[in-house]
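Number of protein chains: 2
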Amino acid sequence: MARQARTPEAREARVKAIMAAALDQFSKVGFEAARLDDIAQAAGVAKGTIYLYFESKERLLEALVASIISAPLEALENSVSASTAPASELLREFGAFMAQGAQDADRRRVMHLVFSEGARFPAIAQFHHREVISRGAALVRAIIAKGRASGEFVYDEPERFPQLMIAPALVAAVWLHVFDPIEKLDAPALIAAHVDMLLRALTGRAD
Amino acid sequence: MARQARTPEAREARVKAIMAAALDQFSKVGFEAARLDDIAQAAGVAKGTIYLYFESKERLLEALVASIISAPLEALENSVSASTAPASELLREFGAFMAQGAQDADRRRVMHLVFSEGARFPAIAQFHHREVISRGAALVRAIIAKGRASGEFVYDEPERFPQLMIAPALVAAVWLHVFDPIEKLDAPALIAAHVDMLLRALTGRAD
DNA sequence: TCGATAGATGACCGTGAGGTCATTTTTTTG
DNA sequence: CAAAAAAATGACCTCACGGTCATCTATCGA
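Just so you know, the sequences run in chain order P and L. What the first sequence shows, in the working numbering, is residues 1 to 207, in sequence order. What the second sequence shows, in the working numbering, is residues 1 to 207, in sequence order.
It should be emphasised that the hints constitute simulated quantities derived from the structure, not laboratory data. Using N, Cα and C, we set each Cβ at its ideal position, and we do this for glycine too. A hint or two may mislead.
As the list claims (entries may be wrong) - Distance condition first, Cα-Cα at most 25 angstroms in a straight line; then the derived DSS-like pairs of lysine-lysine:
1) Lys57(L) <-> Lys28(P)
2) Lys28(P) <-> Lys28(L)
3) Lys57(P) <-> Lys47(P)
4) Lys184(L) <-> Lys57(P)
5) Lys28(P) <-> Lys146(P)
Stated by the list, open to error - Label pairs and their calculated CB-CB ranges:
6) Arg120(L) <-> Asp104(P): 31 to 39 angstroms
7) Arg160(P) <-> Leu73(L): 27 to 35 angstroms
8) Ala189(L) <-> Ala145(P): 14 to 22 angstroms
9) Ser56(L) <-> Asp180(P): 21 to 29 angstroms
10) Asp156(L) <-> Glu62(P): 42 to 50 angstroms
11) Glu32(L) <-> Arg11(P): 54 to 62 angstroms
12) Ala71(P) <-> Ala63(L): 42 to 50 angstroms
13) Pro188(L) <-> Lys47(P): 25 to 33 angstroms
14) Gly151(P) <-> Pro72(L): 42 to 50 angstroms
15) Ala71(L) <-> Asp156(P): 48 to 56 angstroms
What the hints assert, rightly or not - Rough simulated footprint, nothing fancy, chain L against chain P, three-plus residues with beta-carbon under 8 angstroms:
16) 97 to 108
17) 153 to 159
18) 167 to 175
19) 180 to 186
20) 189 to 202
Could you build the full structure based on these sequences and the hints that come with them?
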């Protein structure tokens, strides 16, 4: 096995390789069933090496989930708060963001992991709720409030239940993992249809 | 430990007890982590007894998932096909059915199990798709087609993506399992809001 | 060039769980 | 009531995996 120079970059690359391999395994066989030996092998390191970077299998999962979330939501938040576009346009942007997320296998796999194992790992559920769910919900609420204020939207139920906006992303994540071999799903089209429907309901018009 | 007479009823009761205990454990700690010893103890039998009724842990999971599905969907199908009510009424009925499902902890737990472990157990994913997903989708399609035919509905995207109708049930199942300790969700209200929104989009009216 | 130090390794340990089966208990039968 | 049959039991076997740590290796400072 080739050894690398001990630069910080090499260290980071190694951590990334371990996390990528772990996501692979966790996602494929589940957290419990995933074997550290396999993860180590896939990452090109020895099992002991994993313990130089992560305290335990559970911490590895946590670090992994945290690492995937990162910047994208923040970019959307900035874009939305800076924009002067009509609320319907912002909702479409949100939809495009979800569609993009649905295309990204890593993000989908992390989502599915959170939904599958989150109940058993409060730290992960908490983190995901704080960093993704609640931020996404706030964004949806802000957009709808804006549309209501401008008179563009005449209906505000989804402001009470922002989950209704995010639902198709969840459906896509679950479907692509569980039912895709049985029946294919065009996730971006699903999300687009959902946004379309939402806008019809919100504006009361067929545009 | 009390022994029971060997009537068929006793046998069935024992099978049910084992499956109930198994659902408990699988749902609480996941399939892999669930221990047969615990399931046996909770069911009031010895571990060996489980193997008199189920070939393996995996078969136990399959039997369990299959057993929960049962009749309720069929009742809804019959009710819908017999009804002469307007399509919007039928959609609300479907919503009520989902809301009821969201209240039933066992059904929710099975749903969550399927979504969590389904990818690893093709038999389960296949079964659930055939017995629940595709039947639910067909029902939604039929209702919307009826509404379109009668001129009641002026929009048909959800006919292409019946998943959009079912989405909030999935959201509810996942949310109640993963995020409920962090943020409560009123699942029936969520579903009602969703149906309301769907109807606005479908009819083009604010009723 | 040569210790010294930090990093990496993988054989090994302990534990715990799925599954088996000889034994025990209950029921049935003659 | 006794003996045979069926059902239930739980101690035990096997094996695999998370985690450890003595050993080895690469890098670096002098």
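Hint-by-hint comparison with the structure:
no.: 1; hint: Lys57(L) <-> Lys28(P); verdict: holds (19 angstroms)
no.: 2; hint: Lys28(P) <-> Lys28(L); verdict: holds (20 angstroms)
no.: 3; hint: Lys57(P) <-> Lys47(P); verdict: holds (11 angstroms)
no.: 4; hint: Lys184(L) <-> Lys57(P); verdict: violated (30 angstroms)
no.: 5; hint: Lys28(P) <-> Lys146(P); verdict: violated (42 angstroms)
no.: 6; hint: Arg120(L) <-> Asp104(P): 31 to 39 angstroms; verdict: violated (22 angstroms)
no.: 7; hint: Arg160(P) <-> Leu73(L): 27 to 35 angstroms; verdict: holds (29 angstroms)
no.: 8; hint: Ala189(L) <-> Ala145(P): 14 to 22 angstroms; verdict: holds (20 angstroms)
no.: 9; hint: Ser56(L) <-> Asp180(P): 21 to 29 angstroms; verdict: holds (26 angstroms)
no.: 10; hint: Asp156(L) <-> Glu62(P): 42 to 50 angstroms; verdict: holds (44 angstroms)
no.: 11; hint: Glu32(L) <-> Arg11(P): 54 to 62 angstroms; verdict: violated (32 angstroms)
no.: 12; hint: Ala71(P) <-> Ala63(L): 42 to 50 angstroms; verdict: holds (45 angstroms)
no.: 13; hint: Pro188(L) <-> Lys47(P): 25 to 33 angstroms; verdict: violated (48 angstroms)
no.: 14; hint: Gly151(P) <-> Pro72(L): 42 to 50 angstroms; verdict: holds (43 angstroms)
no.: 15; hint: Ala71(L) <-> Asp156(P): 48 to 56 angstroms; verdict: violated (38 angstroms)
no.: 16; hint: 97 to 108; verdict: violated (count 0)
no.: 17; hint: 153 to 159; verdict: holds (count 4)
no.: 18; hint: 167 to 175; verdict: holds (count 6)
no.: 19; hint: 180 to 186; verdict: holds (count 4)
no.: 20; hint: 189 to 202; verdict: holds (count 9)
The earlier numbered hints that this structure contradicts are 4, 5, 6, 11, 13, 15, 16.
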